[in-house]
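Going down the list, the sequences are from chains A and B.
Okay, so the first sequence: first residue is 8 according to our numbering, each after it adds one.
Okay, so the second sequence: first residue is 192 according to our numbering, each after it adds one.
Since the hints were made in silico from the structure, they are not lab data.
Ideal Cβ positions, reconstructed from N, Cα and C, are used throughout, including at glycine.
Be careful, since some hints might not be right.
[What the hints assert, rightly or not] Covered by chain A, per the in silico footprint, the following chain B stretches (three or more residues, Cβ under 8 Å):
1) 479-493
2) 500-508
3) 515-523
4) 629-637
[To be verified] Computed list of lysine-lysine pairs in DSBU-like fashion (alpha-carbon distance at most 30 Å, straight line):
5) B:LYS639 with A:LYS149
6) B:LYS650 with A:LYS148
7) A:LYS148 with B:LYS639
8) A:LYS149 with B:LYS642
9) A:LYS164 with B:LYS650
10) B:LYS403 with A:LYS99
11) A:LYS22 with A:LYS85
12) B:LYS639 with A:LYS164
13) A:LYS164 with B:LYS642
14) A:LYS148 with B:LYS642
15) A:LYS99 with A:LYS149
16) A:LYS71 with B:LYS403
17) A:LYS99 with B:LYS650
18) B:LYS624 with B:LYS293
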Amino acid sequence: MAPEMNTMKNDPILKVEHLSMRFGGLMAINDFSFEAQRGEITALIGPNGAGKTTVFNCVTGFYKPTMGMISMTQKSGKTFLLERMADFEITKDARVARTFQNIRLFTGLTVLENLLVAQHNTLMRASGYTFLGLFGLPAYKKAEAESIELARHWLEKADLTDRADDPAGDLPYGAQRRLEIARAMCTEPEFLCLDEPAAGLNPRESLALNTLLTGIRRETGTSILLIEHDMSVVMEISDHVVVLEYGQKISDGTPDHVKNDPKVIAAYLGVEDEEVEEVIEEIEEIEEEGKH
Amino acid sequence: MANITTTREGAGGTLTARALREGFYAGVVSLGLFFLFVGLETTQNIRNELVLNQRWGLLAVFVLVAAVGRFLTVAYIRPWFAARKAAAAARAGTARPEGFLKRNFVVLAVVALIVYPILAVAIFGVQGSLKWVDNFGIQILIYVMLAWGLNIVVGLAGLLDLGYVAFYAVGAYSYALLSQYFGFSFWLLLPLAGILAAFWGVILGFPVLRLKGDYLAIVTLAFGEIIRLVLINWTDVTKGTFGISGIPKASVFGIWSFDVGAPNNFAKVFELPMSSAYYKIFLFYLVLALALLTAYVTVRLRRMPVGRAWEALREDEIACRSLGINTVTTKLTAFATGAMFGGFAGSFFAVRQGFVSPESFVFLESAIILSIVVLGGMGSLVGIAVAAVLMIGGTELLREMQFLKQVFGADFTPELYRMLIFGLAMVIVMVWKPRGFVGSREPTAFLKERKTVSGSFTKEGHG
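Excised from the complex, chain B in its bound form (with noise of 0.2 Å):
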């Protein structure tokens, strides 16, 4: 430690020295690149003439980005990384107690969860918690509880499945059209879209078993566009590119309801002031209440003979046979479990918007939700949440950016950008920990103290 501080003391003039050369020619080469790209602009005008734009102010922000960036870059990051990598190799020796914060986490996690809502009414009111509430607090968690079915296949059993969002749909139609045509209510269909939908993930599974890897993907991928196309071209049951709307609201348990001209409505009954708001509040704990049971389930399966069978299988699936363990209940068991939990989520879903079509159910979808489960770190809860609420709160937060305005002109829309914006990110993230967030796994069983298990030793899947 103490000789590192005196070498980057003796060598600081040229370290300064060399920072703002490299600043300087970072400058120069990003003035070059944008000159003409960002610099100049055509447009035309009312007569159909093109008339050239100079933008030298956003050149010169982009150039003053480049070379700023890069001096701090080489003058003080690089060093402040150096130093930091130094000393956890000083540290590595002496076993380090792991700090408050990081041992109580999923502790502390779950109780900011459930004073979310409380918080964001008493900071912005009724009204004004809305936002808070349904657009990051609900959409978030829709999607950590998908992300954490999709685990159960792909980061546990490692079956490669590009489809996932077709047991999201068969969950959300399930209760859009038994509601609608029968008028079961959303605590009765709630189980029932879950086990619909892990009967189709045993339709799915069953053509499937001898596929490995890139097969495997392509198929699912076909089986999730089968679905939507379904959905699309049988317009008698789902009518179609229009959609199912005016589905019913879910109440609490059937005790207070949330349609406005119930005589047991939740307002009405508390005597507070009529407001939606109430009904997305009781949706976020729901959702919560969802996400915690699929995390519960998933913990304690990994314990479970049939979740070790699921690892087993990841590593290696010809051991597994030879050890008596039959892969193709096992792999069925995965596909079903992980289905399930993408149809209660599809089922909140519908019972949320009040409304599905075809196109909530898209291939992106599956992607973004792959992509949560990749960059969360393969089996990890913990990590997939963290990513879930990078990803999707992410990109709710880029439009809030309004700001963003001012830099990039009026016509800047920076919703528009969050596609690129989440491959850079998947991009930095896989380069910087290419086993996702938290790449080692907590082992099921232990003998004398439980150590994780580094990513290096674990295998992705290939089946």
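Just chain A, with the same shape it has in the complex (with noise of 0.2 Å):
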């Protein structure tokens, strides 16, 4: 196995532990278990079909997991099992966001009220669950006007300020992929988790979304957990990458030492076991000769 990744401090956020996933007679995933610290970007990779949306989705909730333990730690101390938990649950009360593999926005509501739909829990609240906010409150106006302005602070962030008032079906794709971070922020969360954020996105586009994402650890401190095919994004932000193959762990560490990772080399180029080896001896004599 590959080395326990060398954080320096060990404050996990989420750790998932030997979880399983079986779907009928195929085991998406198989005993896998990983660890994401907090406040930094954590990159979970692999080869198609290798189970990474099946781990999101367990740690979103949107699947019951057939085995193994998935617990979240807030800043407060406070610590949630999230298998146990409703899909909702998870984002209300444990505080952790997620985004989809293929953008799911409300595209009849506009920009801004797709954010706005995203406070939503705050503002229920707020209005007293509606029957207070029925006669116009002054709590509830405050509340409104409180959640336009956090809408417009990351309106800001993603650069979406001048199609505030548009349809969200009606913006090109890169924006759609910014808003629904933004809008995932809106929930306030701890924990992030984007599923292949930079896919369809042009080099420009991937840019902006580095520039938002590391934007966003730096500013709220929130502990990213993302998926992603773009190696530019992953080498570029994470300070962490898991990789994935036949759900199955193969390494775990800092981007560098994934990168020279034999196993992961093999999975991605696609060898046959009995020539890992010889795949190893090569990486090795390579490395000694950058070292001549």
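Join the two chains, each given in its own frame, into one complex according to the hints.
Right, dumping it as structure tokens:
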């Protein structure tokens, strides 16, 4: 096994232990464990069909895992067992937000309305669960103004202020990706899960995404878990990379460590099991040449 | 604009020729079609012999309508539409200010509704106004209110409900039964009927939470039938198909009564001649107030988190859950709120008719209410109100068209064709405006300017 990652602090926000997920006869994830550190960007990579999105759906409650434990510890020290919670409670109480591989925006609502829907629970409390707000009480008006301010903040971060009053379905693809992230951030999460945020983006949009994500981490301290195929994004911004193949972890460590892991290279290039040894030798040779 | 007129003038001669030709063809085709259907009629005479009647005059009317209609369409109506379209395209670049009528439509409509009974009395007299206030005014407003209530479930939350009339029935029977057995007054029972209907909305909501689309529609349809069948068969309480009659009238907050013998009878107090018109006018204002309450609550709720959650639910349920929205309670509140207004409308219906029976709550009613919502444009209050006026007012108007008997013969009863015309109107409107009269939606919040969202972006909902 690859050595455990060498972070300075050990303060995991998310701990996945012995996670297994079975769909009928298919073992999509088999005894998978990893940790995501607080304040870091953790990337989950692997070839197509490796089970990345399944892990994601288990963490965010959209699937109930067959076995295993997923615990999330908030800044306050409060711990939630995510596998026991309903999907909406994970966002509402544990403060884990997510985006989707195929963008799921409210296309018929405006960009601003999308961000306001994300603040549903805060606004619901402020409106006295609708009853008080129906009579136009000032407390709700204040809360709504605050929610618009928060939305404005994230619109600026995502560079969408000019399109705030347009329907979300009218935005170009890259802007829709950024809006989905901004919408997830409006739920004020401690842990943000992004499913292939760079899919379908051109290099310039990818760069804008990198800035947005590092900005989120720097300014709000939100920890991020992302699935990504675009290695320029993964290697550029992530602090920690976990590699998944056929539902099992094959590597875990810093981007540099993972990049040179022969098992990872084998998984991506697709070599036979017997050839793995040869690949290892080749890499060692290259590394030695580099040292000289 | 200019070059369009010149091309039309240049092609004027050929256009008329083409129109004449197409008109002629249309006449020939319709002659072939209607020769046997319309031109000849077989009846039995008193000795049971088959008699062939020839109706050449009627056949000529059919053929002429087809030929002249085709000629006019090709020669005048189509070029006119094309010119209008081109003019609109030329104007599209410059933002045109909306007309006074369009900007103040809602205010003008409410004012018009408030003065409507007064106008009716002024023009047709106290007794003559009865038809206009009751058949047109109250009848249309009941449907406006029902459609606005269903709009919350179908238009906002995107949950297709084919059994909405069940809540209407719950409201009507709540009032009928509770006033008969316990003698409660209308003003106490109106909110109670709403609460009971909302309760039944939640009861229906629970089992159907997991269903979507067609499956949801079928189960709600079944729910509507269950309520009706219970009303028919639970004869001890509901008197079955006989219905409940002699339902007490509403009073003006207990101050003035409309019962004939009562000392505080409205007409007696104001020393007016006895007439049932006063009660109808009072009912008109009552249902107007109820409908406006429905509209007000809908408008307010749309700007509240729960209303936004309904619309978000219509757009994407999974995304809703990922944002921490409890979709179960959101769906239940939509069902309950929609049902509550159905209940209000139901108790009003009972008080207006003075008689309820299960026959008033058949599936056709649900279908009519739903088609008003779809026709008006899902989610749009103004569009739905216009659709209700056209649909219900139109079918009422058919009763007035006795002159059609001169064209189609004495045994022609125009109101029997109301469903045919209803269906035809639906098809035409859906071809012409697939999203209903008002297909766009008004955003509930804006940063810089309020732009309407085109109907092509909104979803109909699939849950």
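Comparing the hints with the structure gives:
no. : hint                   : in the structure
1   : 479-493                : holds (count 3)
2   : 500-508                : holds (count 6)
3   : 515-523                : holds (count 4)
4   : 629-637                : holds (count 5)
5   : B:LYS639 with A:LYS149 : holds (19 Å)
6   : B:LYS650 with A:LYS148 : holds (29 Å)
7   : A:LYS148 with B:LYS639 : holds (18 Å)
8   : A:LYS149 with B:LYS642 : holds (24 Å)
9   : A:LYS164 with B:LYS650 : holds (28 Å)
10  : B:LYS403 with A:LYS99  : holds (25 Å)
11  : A:LYS22 with A:LYS85   : holds (14 Å)
12  : B:LYS639 with A:LYS164 : holds (18 Å)
13  : A:LYS164 with B:LYS642 : holds (23 Å)
14  : A:LYS148 with B:LYS642 : holds (22 Å)
15  : A:LYS99 with A:LYS149  : holds (21 Å)
16  : A:LYS71 with B:LYS403  : holds (22 Å)
17  : A:LYS99 with B:LYS650  : holds (26 Å)
18  : B:LYS624 with B:LYS293 : holds (19 Å)
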